[in-house]
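A.B. asks: Residue numbers (this note's numbering), protein chains in the order written: chain A, 4 to 902; chain B, 4 to 902.
Simulated from the structure, these hints should not be mistaken for laboratory data.
Same chains, same label: a pair holds when it works inside one copy or across any pair of copies.
In silico lysine-lysine, DSS-like type, Cα no more than 25 Å apart, as pairs:
{"id": "1", "residue 1": "600", "residue 2": "711"}
{"id": "2", "residue 1": "84", "residue 2": "127"}
{"id": "3", "residue 1": "127", "residue 2": "85"}
{"id": "4", "residue 1": "589", "residue 2": "660"}
{"id": "5", "residue 1": "834", "residue 2": "848"}
{"id": "6", "residue 1": "91", "residue 2": "183"}
{"id": "7", "residue 1": "809", "residue 2": "735"}
{"id": "8", "residue 1": "183", "residue 2": "127"}
{"id": "9", "residue 1": "809", "residue 2": "589"}
{"id": "10", "residue 1": "345", "residue 2": "366"}
{"id": "11", "residue 1": "814", "residue 2": "735"}
Protein chains: 2
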Amino acid sequence: MTPKNKRVFLFSEGNATMRDLLGGKGANLAEMANIGLPVPPGFTIATNACTEYYANRQRLPAGLMDEVKAALATVEGDLGKKFGDPAKPLLVSVRSGAKFSMPGMMDTVLNLGLNQETLRGLIKESGNERFAYDANRRFIMMYGNIVLGIDKRRFEGILDETKRRRRVTLDTELSAVDLKNICNEFLALVLTETGEGFPGSPYEQLELAIEAVFRSWQNERAIVYRRQERIPDDIGTAVNIQAMVFGNLGDDCGTGVAFTRDPATGENELYGEYLMNAQGEDVVAGIRTPVPISALRRQSPKLYEEFDAIGRRLEAHYRDVMDLEFTIERGRLFMLQCRAGKRTGPAAVRIAVEMVGENLISKEEAIQRITASHLDQLLHPRLDDNYLTDRGIRPLATGLAASPGAAVGKAVFDADTAERLGNAGEKVILVREETNPDDVNGMLAAQGILTARGGKTSHAAVVARGFGIPCVAGCDALSVDSIERRLSVGTVSIAEGEVISIDGSRGAVYVGSLPLIPPDVSGHLSTLMEWCDSFRVLRVRANADNPRDAAQAVEFGAEGIGLCRTEHMFFEADRLPIVQDMILAKTETQREAALAKLLVSQQADFEGIFEAMDGLPVTIRLIDPPLHEFLPNYEDLVRVTTELRIAVNTLGGQATKDVLEEKEAMLKAVEGMREANPMLGLRGVRLSIIFPGIVAMQTRAILQAAAKLIKAGRSVHPEIMIPLVSTVNELKIVQVQLEAVAKQVVAEQGVEIPYLFGTMIEIPRAALTAGEIAQYAQFFSFGTNDLTQTTFGFSRDDAEGKFLGKYVELKVLPANPFETIDRAGVGQLMKLAMEGGRGQRPDLKCGICGEHGGDPDSIFFCHELGLDYVSCSPYRVPIARLACAQAALNDRVKVTIDK
Amino acid sequence: MTPKNKRVFLFSEGNATMRDLLGGKGANLAEMANIGLPVPPGFTIATNACTEYYANRQRLPAGLMDEVKAALATVEGDLGKKFGDPAKPLLVSVRSGAKFSMPGMMDTVLNLGLNQETLRGLIKESGNERFAYDANRRFIMMYGNIVLGIDKRRFEGILDETKRRRRVTLDTELSAVDLKNICNEFLALVLTETGEGFPGSPYEQLELAIEAVFRSWQNERAIVYRRQERIPDDIGTAVNIQAMVFGNLGDDCGTGVAFTRDPATGENELYGEYLMNAQGEDVVAGIRTPVPISALRRQSPKLYEEFDAIGRRLEAHYRDVMDLEFTIERGRLFMLQCRAGKRTGPAAVRIAVEMVGENLISKEEAIQRITASHLDQLLHPRLDDNYLTDRGIRPLATGLAASPGAAVGKAVFDADTAERLGNAGEKVILVREETNPDDVNGMLAAQGILTARGGKTSHAAVVARGFGIPCVAGCDALSVDSIERRLSVGTVSIAEGEVISIDGSRGAVYVGSLPLIPPDVSGHLSTLMEWCDSFRVLRVRANADNPRDAAQAVEFGAEGIGLCRTEHMFFEADRLPIVQDMILAKTETQREAALAKLLVSQQADFEGIFEAMDGLPVTIRLIDPPLHEFLPNYEDLVRVTTELRIAVNTLGGQATKDVLEEKEAMLKAVEGMREANPMLGLRGVRLSIIFPGIVAMQTRAILQAAAKLIKAGRSVHPEIMIPLVSTVNELKIVQVQLEAVAKQVVAEQGVEIPYLFGTMIEIPRAALTAGEIAQYAQFFSFGTNDLTQTTFGFSRDDAEGKFLGKYVELKVLPANPFETIDRAGVGQLMKLAMEGGRGQRPDLKCGICGEHGGDPDSIFFCHELGLDYVSCSPYRVPIARLACAQAALNDRVKVTIDK
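Between the sequences and the hints, there should be enough to build the whole structure, so can you do that?
C.D. replies: Rendered as structure tokens:
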């Protein structure tokens with residue numbers, strides 16, 4: 004329909020679908036105009052003109068201005084005014100407007116068309132000399148700055164100087180004469196700065212302003228913004244030229260912005276603010292305080308109703324919450340902009356659910372409109388962004404967003420203090436260089452955790468996510484002095500007991516106490532989740548290591564546990580010494596005694612978890628980490644023994660000598676066990692082949708716990724998972740051994756237990772030989788954390804701190820592959836594994852238990868692959884339910900398109 | 004031809020191809036009998052009877068003894084003797100004999116068929132009472148031990164007691180009466196021990212003896228031996244029953260063993276020893292000293308010539324060196340066994356080459372008969388096995404065979420001492436807990452290197468292999484005290500200056516000085532290598548990091564360098580401080596200054612290498628290891644700073660304080676750079692993306708060196724290799740940058756340089772996305788060390804010490820995947836990479852530079868994949884040339900079979 008080389012579109016020629024060509028603002032102005040809303044007439048120079056401008060060495064396309072003039076003539080005809088006409092002058096705004104909103108990044112010129120002649124016409128027509136000079140000084144300043152490139156502060160200096168001389172503080176206190184003088188001074192400034200006078204021809208003004216808007220597409224802040232928001236650089240901006248309407252012509256004039264529903268809560272009521280006798284920039288400038296839109300209902304019920312009706316109409320038309328700009332000129336309402344309204348997570352959920360109730364949108368649409376970050380806001384306490392913005396509060400330091408949610412508390416520097424204060428009811432943030440298993444008691448008692456070192460898989464991060472505690476990890480800028488009990492960032496120093504706030508969703512640390520918005524698992528969320536469940540194909544499980552998390556997971560809708568890490572139980576304070584005894588045992592008898600003690604505790608753990616899961620399947624991963632993780636830190640031992648050795652040599656003393664000997668023995672043990680690359684060392688199934696006793700004990704604990712519950716009439720479905728398999732023989736050896744243990748327990752207990760044996764697929768070779776592995780494995784669970792590490796050869800601990808950030812910045816990788824599955828590499832291996840595994844065993848149960856199990860993009864991929872379930876942190880279960888539903892709905896769209 | 008259930012085969016019914024059925028010994032006895040050699044008549048009970056025996060709960064198959072009797076009847080007919088006949092008694096030997104030789108592992112009974120009646124017949128027939136009683140007491144003892152299960156020492160006790168009473172030391176000093184009494188005492192022992200008398204029926208004796216031989220297939224030592232030699236457990240043994248001939252009937256009798264050529268040197272002359280008037284076991288027992296076979300020529304020229312002729316005939320028949328057993332009974336020669344002779348490496352090469360000259364075998368066969376370990380013996384000094392065996396010398400300790408060859412020298416415990424003594428002409432072995440770059444000067448001056456820690460890729464191992472220095476690494480049992488300057492193993496302690504010997508081919512350490520056999524790169528080897536080169540398709544390159552190794556590689560026949568590791572140059576003593584300055588630079592200027600200094604040295608390195616390679620292609624890998632490898636060890640710094648801190652606190656002193664500050668600064672730097680899993684950290688191309696300066700310098704150094712040589716009229720083919728790529732974008736970013744440097748150097752120098760850019764394929768993701776990567780890479784080099792690490796998720800440093808040994812022992816893996824490419828996993832990725840890479844770029848040059856490049860099995864796989872070349876240590880180049888030829892010859896066999 005549209006000629007290919009058409010570059011200028013009257014509002015009557017456009018519509019909302021033409022965003023590519025007209026930009027968001029232009030398309031919506033056209034749409035509003037065409038459905039009969041009061042929009043000041045105007046037209047849009049399309050983005051193709053901008054592209055041509057850049058292709059043509061920054062020259063306006065030939066003939067463009069002719070098209071502009073023709074369009075302008077139509078506007079003149081509509082309004083009975085003329086551009087540059089001294090009698091009835093038409094003034095226009097020239098605004099940028101790209102396909103994607105880039106608020107404030109590009110330039111705008113208002114009141115364009117003023118010169119000495121048209122100014123006189125404006126005075127006469129408005130009957131308001133002060134208004135006209137005010138409009139003129141605004142125009143000269145904006146134009147002088149944006150089009151002519153004169154520093155804005157030069158103009159502001161003149162304005163301030165006048166105010167100083169007149170001893171006033173507000174612009175509004177200046178008289179018409181003052182403003183006239185200011186205009187003259189502005190024009191003089193332009194003359195000296197540019198060496199030429201201010202352009203008098205409105206058409207020249209217009210042409211230069213159009214060029215300036217095109218230029219602003221490539222200004223520094225626009226480029227940075229696009230990189231951040233992943234907006235392409237080559238799509239260009241449109242330019243909207245529209246007749247000016249004035250909200251500052253008197254008390255029957257005004258201007259404002261509003262949302263059709265409250266963007267913070269989602270409440271279905273007009274939400275916004277306005278100012279009478281003002282121009283748009285005054286609302287933003289903050290010199291006068293705008294009034295809530297509800298006041299308009301009292302002040303002018305007719306206007307309010309007209310505006311409210313327009314809002315309703317636009318909502319019905321766009322089927323979404325709208326963000327509106329309006330101006331009232333002499334009692335007449337004009338719409339200047341409309342777009343879909345940005346909203347908080349809670350608002351997004353409420354609006355989507357209520358709009359389904361209002362028959363505005365379908366359930367499917369409601370689901371597709373909610374994002375993971377919307378839900379994340381509902382599931383954790385969060386900082387109040389408005390509070391931060393209003394007060395200009397910036398973080399003291401930033402680190403990795405290691406576990407979502409915000410927390411406020413007193414900084415404490417060791418776990419025991421954290422535990423003591425925490426148990427006494429104090430809110431504390433545990434601050435450590437990095438955490439280790441000894442710190443778990445304090446971590447559990449803290450509101451939040453902050454570490455200076457370690458990545459997203461560091462001990463702090465893993466434990467925090469597991470327990471749903473907000474955590475900022477690897478905060479490099481932080482110096483933690485646990486002896487002086489203080490942290491410092493540059494010159495700022497915070498002592499123990501001083502309050503800090505952390506935002507684990509963004510990795511930010513703040514000085515002092517910030518207000519928190521509590522999580523909101525309202526009725527709307529559960530309605531939305533029910534809808535999600537009705538569409539999704541993938542099941543959703545949770546990663547949970549203890550009864551508390553298991554219960555939390557069920558509450559969030561988990562349909563089983565996809566990963567229960569048994570070794571986390573080993574780190575608990577009362578277990579660790581027994582685990583160490585087991586590791587350091589010199590005889591088999593000692594080792595068996597330690598294992599027998601652990602059996603009792605582990606069985607109790609599993610009973611609790613099975614009870615919480617009440618018949619749902621529970622995948623239990625047998626011991627995975629290298630044993631040296633359960634022993635004291637090597638470097639600490641080096642330091643301590645060096646100190647003790649010197650003490651013994653200089654001071655002597657039998658007691659010191661004894662301690663030295665004990666520490667040296669431990670050092671020797673740790674030295675013998677430590678590894679160059681523990682991630683690739685003696686762990687997982689390898690450990691079970693070398694030391695079969697531990698997994699035999701664990702299997703017995705699992706099945707004895709299961710038997711006990713079954714005898715009590717409960718249902719239990721344990722799935723025993725053997726980690727880190729790289730060849731079928733590893734699985735075979737261990738599984739055969741454990742099947743024997745299982746048969747023995749079944750025989751002893753005299754009950755049938757519906758257990759399965761399976762494996763993680765987390766090593767490339769396992770994926771490559773999955774067909775062989777599925778001869779033994781009854782289920783696969785993709786451990787995509789380790790699979791990503793080995794497929795890329797990236798140690799997550801090292802990569803995230805040292806180069807992954809840069810990789811994403813330089814677009815070496817499209818995203819952090821530890822957050823979103825790398826389809827080309829890791830995904831290819833998963834596909835091979837699915838084909839191999841299901842080829843061998845068509846009913847092979849397949850799931851994912853890496854952290855990708857809670858990432859929407861990765862969930863979409865799992866859906867495509869045909870997995871049976873995803874498993875993620877309890878706190879991401881609702882997000883996973885949403886993403887699973889979206890994945891299923893995407894299929895429908897594809898089917899529809901395919902048809 | 005053979006009925007399927009036939010289980011007993013007369014020698015006339017068998018031949019050499021029937022090893023599966025008749026075992027090696029039986030098949031060769033049949034073959035010899037059938038070509039008319041003097042073999043005592045007999046028959047073989049086939050392996051299928053043994054399999055049946057075990058399938059049938061260890062009972063002899065029904066009807067077997069009937070078959071045996073029928074065969075025995077034929078033997079009786081041939082000899083005119085009868086089994087159990089008091090007049091002309093036939094005695095037989097009953098010997099085990101599996102398909103694969105298992106020397107001494109299973110049981111044998113001689114002189115079977117003796118009882119009171121036949122004994123009298125034997126006395127009469129032999130006219131030698133003493134001989135007959137001697138035969139009888141041997142029979143009762145062997146039978147009593149093996150068949151009846153009576154402890155051998157009980158019989159020996161009786162024998163010793165008689166000798167004590169008779170005051171003699173040798174069995175031969177006992178009279179006929181003594182022996183008769185001993186026989187009676189033996190029979191009494193059997194009666195008390197078994198409760199039954201010694202079986203008098205020869206057939207009963209025979210049946211029980213056959214069963215005993217079958218049983219011995221599953222005795223403990225046979226099982227262990229089979230596991231070690233990878234002989235299947237289910238193939239069973241045959242039993243050979245053969246008429247006895249006696250070498251101990253008088254001075255015209257004798258027995259001996261011989262090789263048709265010298266198995267140590269390969270010299271073409273009968274080699275062996277014999278004893279007159281003796282039985283086989285006497286030759287082995289060592290009581291009388293056997294005489295060299297050459298003595299027979301003088302003693303009995305006719306017998307010697309007959310035997311020599313038989314040897315020639317068997318060599319011609321089997322087309323190989325033969326290992327023979329013979330007995331002379333009353334001047335008549337009997338052949339009791341023949342098999343292919345085991346030989347040393349030097350002998351194997353000489354024999355193969357000479358046999359081609361004698362038209363016995365083809366060049367192709369000669370090549371196929373040589374193994375890698377044969378060549379390895381020729382290429383390095385080695386210990387004299389005979390010397391060790393003769394003296395019963397056992398290792399003090401064992402570790403990893405980290406670099407082949409043996410060495411003898413004084414133990415020294417630091418690099419500087421090693422360097423000082425080494426330069427003074429002393430032979431030293433450098434003994435360290437583990438080595439680091441500071442030790443390289445001492446390593447180069449040492450004969451051998453011994454470390455207590457570290458795997459086959461430890462610093463010591465890598466450097467040692469690179470320089471061809473024998474090395475035993477990771478010798479756990481060793482305690483190295485570098486302060487007291489001594490090593491200890493258990494209670495044995497060796498001080499500095501005491502001599503030790505190490506065998507880097509087997510990972511053994513010995514006390515004292517052992518004789519070494521020097522390497523032998525004789526004319527035969529070069530003939531063999533020429534033949535190899537005429538058959539092979541794969542090209543062979545070497546891994547060499549310096550001009551010395553490059554020259555060595557060319558001498559061994561390398562056709563280029565497949566891997567030149569540039570960072571090894573950084574470790575040299577004069578470079579390391581500059582490298583550290585570069586790493587720790589606080590400003591860009593400092594960093595550039597350090598790089599400029601390195602540029603000069605690196606250019607000189609490359610000039611030397613290019614010169615040595617004289618026009619052959621040289622693949623240079625840009626910097627690969629993490630930068631912290633060039634800085635001091637973290638734990639050492641922790642120890643030192645702890646000590647210094649205490650010293651400053653207690654004693655003060657500005658000098659100490661200054662040192663502390665310096666060390667603390669270094670500690671902080673190292674702390675900031677060290678990684679949890681350095682193998683998966685900031686190294687390779689990742690380093691080049693974060694710090695582009697180093698590789699830009701290296702590229703400049705390479706191309707400036709190339710330009711200099713080209714200007715001097717030389718030919719140079721540098722191939723610049725970017726390591727550790729996991730995604731095409733990494734390669735693209737770095738390659739684009741380096742291409743710019745290259746163009747600049749070409750422009751500056753004004754000469755064309757035929758350089759290529761390529762990458763290692765050493766990360767699973769690179770293999771999976773090889774098609775994309777080949778858009779940029781002009782060549783691929785498979786880095787199968789790292790590819791194996793990442794595909795399996797094995798850290799080689801950790802795995803080889805901690806679990807890989809056990810994995811191979813338990814058959815979790817068929818072989819150490821770091822030695823032989825894992826075809827199912829790593830091989831699958833290589834195949835995908837070849838398909839992807841050549842699909843994108845059909846002329847893509849592909850090689851391998853992991854250590855697998857020197858492993859024959861892996862070379863066969865590389866040949867199958869269609870690689871262009873393999874690259875290995877200079878000292879393995881001849882082995883690679885051999886394996887490449889064997890791979891090509893295997894193809895021919897396949898083609899022949901396919902036809």
